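Q: Heads up: the sequence lines are chains A and B, in that order.
Residue 2 is where the first sequence starts when you use the working numbering, and the numbers rise one by one after that.
Residue 4 is where the second sequence starts when you use the working numbering, and the numbers rise one by one after that.
Derived from the structure by calculation, the hints contain no laboratory data.
Keep in mind that a hint or two might mislead.
Below, computed lysine-lysine pairings styled on DSS-like, alpha-carbon distance capped at 27 Å [as the list claims (entries may be wrong)]:
{"no.": "1", "chain 1": "A", "residue 1": "Lys482", "chain 2": "B", "residue 2": "Lys87"}
{"no.": "2", "chain 1": "A", "residue 1": "Lys305", "chain 2": "B", "residue 2": "Lys106"}
{"no.": "3", "chain 1": "B", "residue 1": "Lys121", "chain 2": "B", "residue 2": "Lys106"}
A few chain B residues that don't get close to chain A, going by computed Cβ distances all over 10 Å [to be verified]:
{"no.": "4", "residue": "Arg83"}
{"no.": "5", "residue": "Tyr85"}
{"no.": "6", "residue": "Tyr161"}
This structure is a prediction, so every number in the text was calculated from the model and none was measured.
We treat Cβ as the ideally placed atom computed from N, Cα and C, and that holds for glycine.
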Amino acid sequence: MAYSFPEEVLEHVFSFLSSERDRNAVSLVCKSWYDIDRWSRRRVFIGNCYAVSPGTVVRRFPEVRSIEIKGKPHFADFNLVPEGWGGFVLPWIAAMAGSYPWLEEIRLKRMVVTDHCLELISKSFKNFKVLVLNSCEGFSTDGLAAIASNCRNLRELDLRESEVDDLSGHWLSHFPDTYTSLVSLNISCLASEVSISALERLVGRCPNLRSLRLNRAVPLDRLAGLLRRAPQLVELGTGTYTAELRPDVLSSLSGAFSGLKELRSLSGFWDVVPAYLPAAYSVCSGITSLNLSYATIQNPDLTKLVSQCPNLQQLWVLDYIEDSGLEALAASCKDLQELRVFPSEPFVAEANVALTEQGLVSVSEGCPKLHSVLYFCRQMTNAALISIAQNRPNFTRFRLCIIEPRSPDYLTLQPLDVGFGAIVEHCKGLRRLSLAGLLTDRVFELIGTHAKKLEMLSVAFAGDSDLGLHHVLSGCESLRKLEIMDCPFGDKALLSNVEKLETMRSLWMSTCSVSFGACRLLGRKMQRLNVEVIDESGDRPETRPDNCLVEKLYVYRSVAGPRLDKPNYVWSMEEESPELIRS
Amino acid sequence: MDFHGNENLRATELRLGLPGTPDDPPKQSPPANKSNKRGFLEMASGSRSERSESGASNVDNRESTVPPTKTQIVGWPPIRSYRKNSLQQPKKADANASGTFVKVSMDGAPYLRKMDLKQYKSYPELLKALENMFTFSIGPGDHSERDYYKGSEYAPTYEDKDGDWMLVGDVPWNMFISSCKRLRIMRGQEAQGLTCL
């Protein structure tokens with residue numbers, strides 16, 4: 002280019018690009034833009050920790066301040082990925098410790114983080130501010146003590162949904178008395194008790210504290226004391242919400258809640274006793290986000306609470322809300338955008354609550370901004386799905402789970418193909434979809450035809466043949482993540498769509514009909530795909546004939562080659578040769 | 004191929020079955036991954052129709068304590084473990100049930116007791132109750148003085164939140180109540196060391 006902007010101008014322009022994808026696109030325009038982006042990139046998102054090596058990232062982007070990394074596949078959340086599979090963050094921390102002395106933020110999801118990693122973080126980054134460990138594991142409260150002791154500028158410590166080896170609550174007392182910069186603390190996943198007085202002192206001396214998510218062990222009668230020390234809170238997660246009913250505790254708690262003028266988000270509510278709910282009523286009118294997914298209260302108390310929140314945008318709740326509660330929700334919460342309904346008895350086939358497809362239909366009718374749904378139920382009809390699709394073409398995320406696998410339309414006994422077909426046809430902006438119920442190859446044909454913006458698809462107990470998988474892989478242009486369990490999809494579909502796999506982040510298939518032979522072919526053919534088979538039988542890979550089916554398959558694109566930290570039950574098919582060649 | 008014997012094959016067999024049929028294995032808490040190996044031979048040789056008909060596969064489980072409700076498949080329904088766990092906590096019908104009962108042991112006694120700390124308003128009351136419970140004597144006097152254990156053969160100790168063993172009586176009563184996790188009445192040599200402070 003003969004005339005171009007000075008680098009500083011371009012850099013300034015690039016700084017307005019908040020999306021990773023936009024910055025990646027910009028870096029591909031020309032060498033000079035690549036270099037400018039390279040030196041000015043402050044934030045990096047690694048969707049799969051094995052797609053690229055830490056060294057590569059650190060060399061390309063020398064000035065990073067914030068990194069987000071994801072490890073295990075999503076189905077690890079449901080125990081489908083065995084222990085020791087991987088997702089170790091240590092190599093990343095070690096690489097960054099050397100190259101990013103000014104790193105401020107680390108956000109990890111589904112990764113294995115050890116106490117050693119936490120110590121390394123606490124000592125390597127002088128200006129460290131944000132640590133978010135989402136669904137991580139491998140560390141104990143000792144590691145947290147290191148973070149508390151050493152990170153003078155820490156703003157955020159968020160352990161959401163992580164599995165922590167909870168040795169004691171003593172770690173919290175490691176925050177020095179001089180430490181006052183806490184903005185956000187989420188310890189809701191911890192089991193052990195922290196010293197409430199230490200917590201009170203911490204909360205009391207941090208004037209910028211905006212978000213406090215306590216753990217179950219924090220007793221209700223100490224909550225008021227904490228709230229009075231932090232009237233500026235925007236987000237609160239209570240501890241256990243049960244106590245002997247005492248008027249003094251109730252009025253003290255009510256008073257404390259009414260002081261929270263900025264509160265927008267509420268969660269916690271373990272073991273909730275209805276008598277104490279009114280204490281929180283004063284904040285309800287301002288609440289936009291409510292997580293009652295641990296609250297085992299039933300109607301009418303549950304519906305009453307929810308109906309008091311007219312500005313609600315996000316609701317997570319147990320199916321105790323029932324159809325009647327969802328109808329009330331539809332009537333009172335016109336700003337609702339996201340709804341998640343979790344099952345109170347996930348392992349029982351019979352319905353224990355009066356929650357059916359009707360609840361979801363009501364909400365889809367009454368809430369014009371609703372675009373994200375996760376709904377566990379026990380019955381569904383095509384008519385309901387069609388109705389929902391027509392009511393809410395603005396869905397971006399639609400995840401349905403019918404507890405009993407392969408449940409048909411309970412009125413017509415037909416598969417739910419037509420219903421889900423309506424969803425993908427009407428909801429043109431749909432980015433994430435989880436299917437449910439009895440489904441044939443037909444639904445996949447409809448998905449391949451219509452779901453052009455779909456990025457993530459989850460499938461279980463569905464389809465008739467390879468054609469189903471083929472429809473998805475060949476039709477869904479925007480597909481990035483596909484996870485499949487217990488479907489009769491196999492070699493033909495995979496081997497006909499190998500190039501597609503390189504355009505996606507990952508593919509997971511467990512208990513399907515994929516053979517070892519196909520995996521070996523795939524591994525050899527596609528150099529930039531890692532084809533990993535999980536086989537826990539204890540045998541060696543060479544003993545598997547080509548026609549033997551694989552238990553679990555995880556395929557992901559990578560520029561780092563086969564990974565070196567595999568446990569002995571993960572086999573890299575790139576290193577395997579087909580039978581024909583071996584013999 | 005990998006045969007582990009008939010037992011395991013039966014356990015991993017895919018079968019037709021409505022929930023609640025007598026042969027269902029009991030309900031389980033989130034299963035260990037290794038316990039749900041599906042028979043490879045079944046899958047490799049089984050017909051398509053057999054697989055698509057089966058509603059569930061049995062899971063070999065040795066840890067269940069809850070009556071049978073449904074056969075379970077690893078990964079199904081798609082719920083996080085911590086959610087399942089928090090739902091399985093026994094619901095407290097009575098708010099009082101969440102009171103401050105702690106285990107109390109006495110060196111040499113054949114079994115432990117439990118007492119509700121909230122019943123007492125002060126150390127002297129607590130010590131008196133302990134004396135009655137185990138029929139021993141902590142020391143002369145009415146325990147209204149601070150030197151409770153002077154010359155006594157017994158020393159009441161408690162485990163606090165941090166897991167440390169402390170002598171009962173040092174901290175204000177309310178602080179003690181909120182941090183005491185269990186009580187142990189020491190006697191003999193060890194107790195002497197404490198009571199001669």
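Q: Of the numbered hints stated previously, which ones are contradicted by the structure, given in increasing order?
A: 2, 4, 5
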